[in-house]
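The listed protein sequences derive, respectively, from chains F and G.
Heads up: the first sequence begins at 1 in my numbering, then just goes up one per residue.
Heads up: the second sequence begins at 1 in my numbering, then just goes up one per residue.
Hints were generated in silico from the structure; no laboratory data involved.
Hints may contain errors.
Below are the DSBU-like pairs computed for lysine-lysine, each with C-alpha atoms no more than 35 Å apart in a straight line [unchecked claim]: (1) 313(G) with 166(F); (2) 363(F) with 313(G); (3) 346(G) with 26(G); (4) 228(F) with 292(G); (5) 392(G) with 363(F); (6) 173(F) with 146(F); (7) 87(F) with 228(F); (8) 392(G) with 49(F); (9) 173(F) with 292(G).
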Amino acid sequence: MKFFRLMLKNIRRNLIGSIVIVLGTMVLVPVVIFVWSILAFLDAATAEKSKDFKGIVTERWRLPSQMPFAYAASLSEGAASKPGDIKPEDSMTWQFYGGTLDPEKRTRENSMFAIATEPRKLRTMMDELDTLPPEEAARLDEAIQKMEQNRQGIIMGQDRLAAVNKRVGERIKLYGINYRDIDLELEIVGTFPESRYDNTAAIHRDYLLAALDAYERQTGQPHPLADKTLNLVWLRVPDSEAFAKVAGQILASPNYTSPAVKFETAASGIASFLDAYRDLIWGMRWLLAPALLFTLALVISNAISISVRERQKELAVLKVLGFRPWQIMALVLGEASLVGVLAGLCSAGATFATVNFVFGGFKFPIAFFGAFYIPADAIVWGVGVGLLTALLGSVMPAWNAGRIRVSEVFAKVA
Amino acid sequence: MQISPALLIPLAVLGAAAGLLAWRGKIPFGYNVRNLVVRWKTTLLTVLAFVAVNALLVVMMAFVNGMYQLTDSSGNPANVVVLSEGATDESFSNLQFTDAGELESHSKIARDNGRPMCSREAYLVVNQPIPETRPGRPPRRFLQLRGVDDPVLSAGIHDLQLYDGGRWFSQAGVQQLPGSGEGSSERSPAIEVVLGEGIARELGRDRNAQALQTARNRERLDVGDAFVLGGRQWLVVGLMQSSGSTFDSEVWAKRAIIGPMFGKETYTSLVLRAPGPAAARELKDYLNLEYKQAAVQALLEEEYFANLSQTNKQFLVSVIFVVFWLAVGGACGLMNTMFAAISQRKRDIGVLRLLGFARWQILASLLIESLVMGLAGGVLGCGLGALCNGVKASSIVSSGQGGPGKFVVLVMTVSGDTVLLGILLSAAMGLLGGLLPAIVAVCRRPLEALR
Chain F
1 MKFFRLMLKN IRRNLIGSIV IVLGTMVLVP VVIFVWSILA FLDAATAEKS KDFKGIVTER
61 WRLPSQMPFA YAASLSEGAA SKPGDIKPED SMTWQFYGGT LDPEKRTREN SMFAIATEPR
121 KLRTMMDELD TLPPEEAARL DEAIQKMEQN RQGIIMGQDR LAAVNKRVGE RIKLYGINYR
181 DIDLELEIVG TFPESRYDNT AAIHRDYLLA ALDAYERQTG QPHPLADKTL NLVWLRVPDS
241 EAFAKVAGQI LASPNYTSPA VKFETAASGI ASFLDAYRDL IWGMRWLLAP ALLFTLALVI
301 SNAISISVRE RQKELAVLKV LGFRPWQIMA LVLGEASLVG VLAGLCSAGA TFATVNFVFG
361 GFKFPIAFFG AFYIPADAIV WGVGVGLLTA LLGSVMPAWN AGRIRVSEVF AKVA
Chain G
1 MQISPALLIP LAVLGAAAGL LAWRGKIPFG YNVRNLVVRW KTTLLTVLAF VAVNALLVVM
61 MAFVNGMYQL TDSSGNPANV VVLSEGATDE SFSNLQFTDA GELESHSKIA RDNGRPMCSR
121 EAYLVVNQPI PETRPGRPPR RFLQLRGVDD PVLSAGIHDL QLYDGGRWFS QAGVQQLPGS
181 GEGSSERSPA IEVVLGEGIA RELGRDRNAQ ALQTARNRER LDVGDAFVLG GRQWLVVGLM
241 QSSGSTFDSE VWAKRAIIGP MFGKETYTSL VLRAPGPAAA RELKDYLNLE YKQAAVQALL
301 EEEYFANLSQ TNKQFLVSVI FVVFWLAVGG ACGLMNTMFA AISQRKRDIG VLRLLGFARW
361 QILASLLIES LVMGLAGGVL GCGLGALCNG VKASSIVSSG QGGPGKFVVL VMTVSGDTVL
421 LGILLSAAMG LLGGLLPAIV AVCRRPLEAL R
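Bound conformation, chain G alone (with noise of 0.2 Å):
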């Protein structure tokens, strides 16, 4: 688990203060810890609330991190992305077959047995029609469609691989159903299919009951299963390992069989790749501003998904937003607790001061009270918020400058910085909390608190 250094130096300040009050400070931390199981109802409301503010922090925050993660981890350094000039996503770019035959015998280009290390792919995203619709659910889904030309040269360049039992489509790219062509109402060949893991499941709840039944995998289509888009059948011969990238929702399949069937007759991409990051960007460098053949545009693949990260900037302010008036509503409650808490103990804070401990460390006594259950509430929640991590939720990444943007599949991930920031944000709702009825308890004089 990854934790960043900046979220670490108020950690640390946390600590050393703790420690060296513990040390130096002759603070009644029994007493504290008393008063906190004595008042265990009170205690443990305050620190629900705690733990509710903090397992929504984590969630939303693993939300958004599985985001990041699909638009972060999606490129390789060394790719070089080639869209046409002016093409805001990759929907709406338009390349020319003789484009492609120009741009990759490109010198710049890596060769692989001699062959140049070009992707020619075509993004279609198209409306399937849902068999049986499930209630509350719409009738049709986007698919998105990736046409290459050869699937071991676009899964080499973009570092995927297939499970076991599964191979990539073949040159044809169909294949004969058994039971169809001749003599059967079912005539054209099936079209040969790889399937991302995330949609390899969303398309296995299409199935029915019954098709469950005889079902290779009840949780998402296999290898052997078929479906139905376009009035054709589309069988699946092999699933990438995909998960956490953006190619974990498409479909992919010959381009020269799906780009004329959905009417998209060119390339929408070329993906290059280069021999290192290096020459990746003079490639690049020289497509946007030497290359004069055709009107392309060329983008580092990791600058291309990164672009796709307008989504995720968006909804972390939503959650910024949502997490700090949840905050000033855990401090509200914590502050009502300690307010009463003191209220209760005028008499003892009075004895106290009576007994020799200054002002400043009956201060500290009350604070790391409300710190206790602040924390207690945060590692709490962090822990429950945790629960989620893992888990495979359905959202869109886009750049926010038109088009429909990348359906996709993001794990949840609970990173080491998000239960930092839960247990930090605690420790700051804890302390501010406390703090006035802290400084309340403080200014009264002694002999007036044991009146």
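One chain only, chain F, in its complex shape (with noise of 0.2 Å):
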């Protein structure tokens, strides 16, 4: 205890050496966070899961996957046909809808892409929609109802609507982008929670189905999208032994061959599409965390090693009372260290608290993820990275503090 209290009081008289310990871990945590956060919410959305997972269904050639509207009845029911076949859990189908407000000066903020799916899977399929806290989730399911009882309405991502301009409840019309001449008049029956969706929209399939008829009945022909217009079809199995047997039955089926589709986990199709991000990520993982940690390392020694040397004098009285070269060692690793614990749980916790629920993540462009948020294990990366850059950084300026000579120090001051 005494040991600790001197540390404390060490750390308080070298002020500014502590403040710049303090200052460097308190800057340079959160990019490492920042880089971190990316990097595991990546890992695991690309790691396969050993139960519970999903799989998509999609074209087997082309990029972007387009079926027709016939395949999602029995690709739902995981194309089972005979006894013994497996059906899936859950499923869900995605049509994309690009539309605008103003088809005469389309931007990005007038223009939204939405999912066009049955409203109910929103909560039931969708990633993190499917484990929202109770408030959010009945929020959420207030507005699926909505969409359930009038096919013309939409819940769009909060961003998405902040950047149109419009609340809940207000009319809007999309002019179609992709579905040209499909104009749909909606009505805006919610939003998402904040999360990833803070930029998507999701209206009622039923509503773009009706349209596309519509226009066949108007213009005598049907649409030129007509017959691909079914994007993805996601199923959820309970596990590996059911995934392999649904997709056996998928791509057995002669249901599927014009065009041919494949069924693979929601981890292998966003690993394909990460890849072309392979050397982004390596440098980040490889090289900008780890300059990052080198920096504040260098930072910390450098602020250590002067700290010594000031008080060679006073560890060379430690010295003469009866310190041992290993405690005023462990004396100066201990101060760097509690500085650095300390300032990178503060940075750490600020962090998360900051990034999540003040500014609703953080954007950075990888894939289709809109936004990125702080995981709570970042409270632990910050206390780690905080300890072990302290750490790293004071091992050189203890070892020379240990090894202070009592003679020679005092012969300088003689």
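Bring the two chains, given one by one in their own frames, into a single complex with the hints.
Quick look at the structure:
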């Protein structure tokens, strides 16, 4: 306890050095946390799960996948047709509809992409929306119910809603971008909770299909995209065995030949997409994050070295009083670690709270992920980074402090 | 190496101030230099922190520069890209054959031996299963195919040439491989393709050790090599000199073969060559405002690629964010060094004051000391970071309006601006980090300092 108190006193007396360590840690730890948050999210998204995983059915060869809607019903059943075939636990179809509020002057702000789907599946099949806290879940459920009753309803991400400068309850008209001449009149019935869906919107698939039918009635011919309107089908299966069985059913089915389809895990699909970013991700993992830690360790090492040099007399006195070299080393290491840990904790905590609750995540343009959030693990990372860099930075100064020769120090004083 | 005049101004101001001080300022430079040498360990640690910050800045900026270079240099000012109306990306565009015929007959389109310079193209992104997946890599990749009708004409419009030893694919677009055909398990002829350099390198990595031993080129696929896609053999007949453009990551083949094969029965885009940039603008306006035969939208090719720079902008913002915080961290380290240096030299500073040096001269001397550390770290860091110049990296460029964007191989480019920016940032960090300690030092009274 006395040793600890001595550490605290030393930290207070060496105020400038301590402040520099705190400032350096407070400034650099958030950047490390940003980088690691992105990497941790991408690693989790591309890691295969052992159970309760989702698979995606898409067109086998082409991107973007465009399948006939006639595939939807049987694919949602996992192409189960014979006794003994396995059906997925849940499913969801996605049709992408792009529209703009102003067809004369289309901008990023007045345009949006919406997922046309079965409204009730938003809560059971969409990542993160299936595990919402009760209050947010209730709000979203209410919006979904409105969309079930009114197929012209639209649920929008909060950033998108702000970008188009509209409010819940207002009506909008979207002029088709990818579905030319398919314009939709929609009523905003709710928003997604603050999440990765901040820039997404969801509409009722029946409304899009009805609009395509209406086009055919009016023009006498089907819309050019009428037989290419199904983009993805999500299937939830309990385990890898069921996944393999369902995959076999789909691939063996003669119903999906023009175009052919493929069934892959969500992790595999995301990994293929992220492959284009592999050099960037490599750079973040192996260049940026280590360089940040190196810089922080250098700043701390410099501060501790200076502090040890300035306190040579004091350390010599401690030796005269009976402190062993290892105790002096421990004192210097302990001071640096204490400051590092506290600064890391405060910095990580502040980053976690500010980014998640004030800014609603941070934007980084990788693949289709709109925003990244700081995971709760970041608090541990912050403490770890503070401790690790403080220890790395103070090893040499602590070693030198332990080797101080009393006679030399007092000879200089004399 | 091009340098923006805007960046030269602060450098010139800094140089002029240093020159003025050296000429008229009576600054004890020798004293400052000796101090840095005597405290070499602290100096070295501080400089190293600056090296790390600047090296990172240069590497990250080189990546973003590479992306901008791709989007900026892929277009020809006399080319007009025609997509179907509303398409946000080539992948979403559908142009009918009849539309193409009508469009290319327009009088504003340049002619080559009487033929309209119109490149009819079908751009496709397809899934390619990777035969022997390497650990940690996905089992398939997205491959960008560009089907064209007349490769020589299309290459001319896009200003692309082939490396020696290659040729454009034939009129038939297919070729029987030795040992294939009748009586062989591989009956279909191979599809002839021309590859961009970047994708040739990428596909070359799929080869196993055995294949590499007999490979013509171990770095990339070369003329005569083949790969598998969609259950067919694809034979490389040429390699494009496409480095630094988005075409570097593309596979070109006969449209009439790959279109039906992957379910794209229409063109995605037409690229029209006008006699000059002004004529290209006129052609674009005509197609957007007056042309009524088909619902199309026209863009200058340069505009089209500039629209793909949305990702570049977002990356640039991220780089600025990271560098800002790194710079603050580096400046903290320098401030600590200077505070320590000054507290150890209280008496020296007192003596200098008594010798007649004015406060501003001592302030300038201490600032120059921190500036020297910052600049030394900056120059070394920029030098270290510049080693990445020319390194190839993969990424995506996109308009951010939906669509997969384009998968590209970029060449990391360390520009003069990046180096100068790094040096100026170091100078700013040096000055800011040294300012507070220097002010504290000169505010002390000489006799107090000597006590």
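Evaluation of the provided hints:
{"no.": "1", "hint": "313(G) with 166(F)", "in the structure": "26 Å, holds"}
{"no.": "2", "hint": "363(F) with 313(G)", "in the structure": "12 Å, holds"}
{"no.": "3", "hint": "346(G) with 26(G)", "in the structure": "20 Å, holds"}
{"no.": "4", "hint": "228(F) with 292(G)", "in the structure": "26 Å, holds"}
{"no.": "5", "hint": "392(G) with 363(F)", "in the structure": "26 Å, holds"}
{"no.": "6", "hint": "173(F) with 146(F)", "in the structure": "18 Å, holds"}
{"no.": "7", "hint": "87(F) with 228(F)", "in the structure": "25 Å, holds"}
{"no.": "8", "hint": "392(G) with 49(F)", "in the structure": "33 Å, holds"}
{"no.": "9", "hint": "173(F) with 292(G)", "in the structure": "25 Å, holds"}
Violated hints for the displayed structure: none, as all numbered hints are satisfied.
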